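Chains as they are written, first to last, in this note's numbering: chain Z, 1 to 153; chain P, 1 to 153; chain X, 1 to 153; chain C, 1 to 153.
FYI, nobody ran anything at the bench for these hints, they're computed from the structure.
None of these values were measured; they are calculated from a predicted model.
There's no promise every hint is true.
Computed spacing ranges between beta-carbons, pair by pair [to be verified]:
no., chain 1, residue 1, chain 2, residue 2, range
1, C, Pro82, X, Asn149, 35 to 43 Å
2, Z, Pro9, P, Arg24, 36 to 44 Å
3, P, Gly32, X, Thr85, 24 to 32 Å
4, Z, Ser29, X, Gly32, 19 to 27 Å
5, P, Pro151, C, Glu8, 40 to 48 Å
6, C, Gly115, Z, His57, 34 to 42 Å
DSBU-like mimics (lysine-lysine), calculated; alpha carbons at most 30 Å apart, straight line [said to hold, decoys possible]:
no., chain 1, residue 1, chain 2, residue 2
7, Z, Lys113, C, Lys113
8, X, Lys113, X, Lys136
9, C, Lys113, P, Lys113
10, C, Lys136, P, Lys113
11, X, Lys113, Z, Lys136
Ideal Cβ positions, reconstructed from N, Cα and C, are used throughout, including at glycine.
Protein chains: 4
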Amino acid sequence: MDGQPQSEPASPETRARIRASFDRQGLMSHLGARITHIAPGRVHIVLPSRPEVTQQHGYFHAGATSAIADTAGGYAAFTLFPENTEVLTVEYKINLLAPAVGDHLEAVGTVLKAGRTLTVCRLEVFGVQDGEGSRKLVANGQQTLIRVNSPEQ
Amino acid sequence: MDGQPQSEPASPETRARIRASFDRQGLMSHLGARITHIAPGRVHIVLPSRPEVTQQHGYFHAGATSAIADTAGGYAAFTLFPENTEVLTVEYKINLLAPAVGDHLEAVGTVLKAGRTLTVCRLEVFGVQDGEGSRKLVANGQQTLIRVNSPEQ
Amino acid sequence: MDGQPQSEPASPETRARIRASFDRQGLMSHLGARITHIAPGRVHIVLPSRPEVTQQHGYFHAGATSAIADTAGGYAAFTLFPENTEVLTVEYKINLLAPAVGDHLEAVGTVLKAGRTLTVCRLEVFGVQDGEGSRKLVANGQQTLIRVNSPEQ
Amino acid sequence: MDGQPQSEPASPETRARIRASFDRQGLMSHLGARITHIAPGRVHIVLPSRPEVTQQHGYFHAGATSAIADTAGGYAAFTLFPENTEVLTVEYKINLLAPAVGDHLEAVGTVLKAGRTLTVCRLEVFGVQDGEGSRKLVANGQQTLIRVNSPEQ
Numbered sequence: 001m002d003g004q005p006q007s008e009p010a011s012p013e014t015r016a017r018i019r020a021s022f023d024r025q026g027l028m029s030h031l032g033a034r035i036t037h038i039a040p041g042r043v044h045i046v047l048p049s050r051p052e053v054t055q056q057h058g059y060f061h062a063g064a065t066s067a068i069a070d071t072a073g074g075y076a077a078f079t080l081f082p083e084n085t086e087v088l089t090v091e092y093k094i095n096l097l098a099p100a101v102g103d104h105l106e107a108v109g110t111v112l113k114a115g116r117t118l119t120v121c122r123l124e125v126f127g128v129q130d131g132e133g134s135r136k137l138v139a140n141g142q143q144t145l146i147r148v149n150s151p152e153q
Numbered sequence: 001m002d003g004q005p006q007s008e009p010a011s012p013e014t015r016a017r018i019r020a021s022f023d024r025q026g027l028m029s030h031l032g033a034r035i036t037h038i039a040p041g042r043v044h045i046v047l048p049s050r051p052e053v054t055q056q057h058g059y060f061h062a063g064a065t066s067a068i069a070d071t072a073g074g075y076a077a078f079t080l081f082p083e084n085t086e087v088l089t090v091e092y093k094i095n096l097l098a099p100a101v102g103d104h105l106e107a108v109g110t111v112l113k114a115g116r117t118l119t120v121c122r123l124e125v126f127g128v129q130d131g132e133g134s135r136k137l138v139a140n141g142q143q144t145l146i147r148v149n150s151p152e153q
Numbered sequence: 001m002d003g004q005p006q007s008e009p010a011s012p013e014t015r016a017r018i019r020a021s022f023d024r025q026g027l028m029s030h031l032g033a034r035i036t037h038i039a040p041g042r043v044h045i046v047l048p049s050r051p052e053v054t055q056q057h058g059y060f061h062a063g064a065t066s067a068i069a070d071t072a073g074g075y076a077a078f079t080l081f082p083e084n085t086e087v088l089t090v091e092y093k094i095n096l097l098a099p100a101v102g103d104h105l106e107a108v109g110t111v112l113k114a115g116r117t118l119t120v121c122r123l124e125v126f127g128v129q130d131g132e133g134s135r136k137l138v139a140n141g142q143q144t145l146i147r148v149n150s151p152e153q
Numbered sequence: 001m002d003g004q005p006q007s008e009p010a011s012p013e014t015r016a017r018i019r020a021s022f023d024r025q026g027l028m029s030h031l032g033a034r035i036t037h038i039a040p041g042r043v044h045i046v047l048p049s050r051p052e053v054t055q056q057h058g059y060f061h062a063g064a065t066s067a068i069a070d071t072a073g074g075y076a077a078f079t080l081f082p083e084n085t086e087v088l089t090v091e092y093k094i095n096l097l098a099p100a101v102g103d104h105l106e107a108v109g110t111v112l113k114a115g116r117t118l119t120v121c122r123l124e125v126f127g128v129q130d131g132e133g134s135r136k137l138v139a140n141g142q143q144t145l146i147r148v149n150s151p152e153q
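Next comes chain Z alone, as it looks inside the complex (with noise of 0.2 Å):
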């Protein structure tokens, strides 16, 4: 395994497992994201637009746009590792390269690299109008993790 993303679904073991992590994440339901894809290295999620998740022009709040992006990132991790582990989010960073504005934005986390102990994830985020067919890129980041042992039950 070189941390290269498949095209193919994740198993549904992993699917599972990531469902079920996302929906104990009180943020995520919070501002009202949920998760669309599931492949191995590669999660998306998507957030709609609504006031509760705006900065001060009426924009996608950048803390919104990097809380999707973030999230993104640690499944994609998150969805090559072995059972028992956990993901943590080491750093990133971010560049907000246009207002994020569309019905929805769509968070896109991709494996660059899978190591034994830390990984590194592309993030990508797109403000997307439905009507409209248009898709755009308004964020753009990297991302390190690392895998932890989950504590004993």
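Assemble the complex: chain Z is given as a structure, and chains P, X and C must be docked to it using the hints.
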């Protein structure tokens, strides 16, 4: 002005301008964050602990931690800008140093270098246990912001 | 112009302008680096292996890896700038993904987003073993650059 | 040990271990850099001005600035590591705040958080004019490092 933060409070006009802008940020009120300190080149934002801001282990979500850090840095820069200007985040990088736990988080944005176009801030987030008087650095970052002229009314 | 790099070569004027600038960089010739490809929004720089660019274990030093990555990104942005402008690096972030080994390193700077003031590039560095035809990603980063007008002569 | 740098000098063994490692870095001697201060959690590296470390305008090249910043942070972390371990840079981010000019640059790496696996450092680079006694912050960054066990001899 060389961008060094000062200890005296910001002017009433600056404080009013920042509070008005903050109140227009749907995300901040949705998360339950509030501004607690506004000085020239330095702004503090507090986020109380609640299930709506957690990740899967019950800690503050990195997205919530980052959202208040980004906002604190943005307004720290904004305290040094002239009227009829706006501030936009160009990019930031943040390390999650320790599990973000506590009764509340306190994000501190501090201007490191103020320029005519670009401003660079240090971002720090502390986990605070009110009862115990403990305050621990849980995240540390660095942010680049750009000053833009406000659109004509 | 939306910042997407194109595959045709840059104009002779652009190539000459970049080569002249590169030749004025004392560090690049001191390290032994050279530009090998200049296209609109994309520049490659090669650094041969030699003891003068190593760290303590004999691999390429992260500082050398970063220096050619930063320079490749800067000139990639510069290919899209008008005459009488200069490019300055605002900031960059780079992950060292694997030990940087090989007969030479190849840094590839690619414009992700070109703006009037700020440009964002992706930075990639590959370790290349000439004899074996192997080419491995050893570093990956992201960079923000600013366009400034040249001082009057 | 909570990673806070201390003001007393490092032990003779630590200083010797770091100087021996530094002397094996081909790049540092090729650039003309030298270590000037080693304390627990803090290391200084100085780089004198010379044409071999410049960019196209005659300032210190961002690659040279970054190389000494990365190295200062790496050895700052290394001062806190036990014997028979090595330090590797995972990633860093650096803002170039001002043109890097001066008789020499001084890079200061300071441990912000020391962990068993990962350590985070603050990176600062100052441009120093010896005659005028001026010392100006020209770059500021943040770095993540990993501790690995030395291979068996």
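These are the hints, each one checked on the structure:
no. : hint                           : in the structure
1   : Pro82/C / Asn149/X: 35 to 43 Å : violated, 53 Å
2   : Pro9/Z / Arg24/P: 36 to 44 Å   : holds, 41 Å
3   : Gly32/P / Thr85/X: 24 to 32 Å  : violated, 46 Å
4   : Ser29/Z / Gly32/X: 19 to 27 Å  : violated, 55 Å
5   : Pro151/P / Glu8/C: 40 to 48 Å  : violated, 56 Å
6   : Gly115/C / His57/Z: 34 to 42 Å : holds, 39 Å
7   : Lys113/Z / Lys113/C            : holds, 25 Å
8   : Lys113/X / Lys136/X            : holds, 25 Å
9   : Lys113/C / Lys113/P            : holds, 23 Å
10  : Lys136/C / Lys113/P            : holds, 11 Å
11  : Lys113/X / Lys136/Z            : holds, 11 Å
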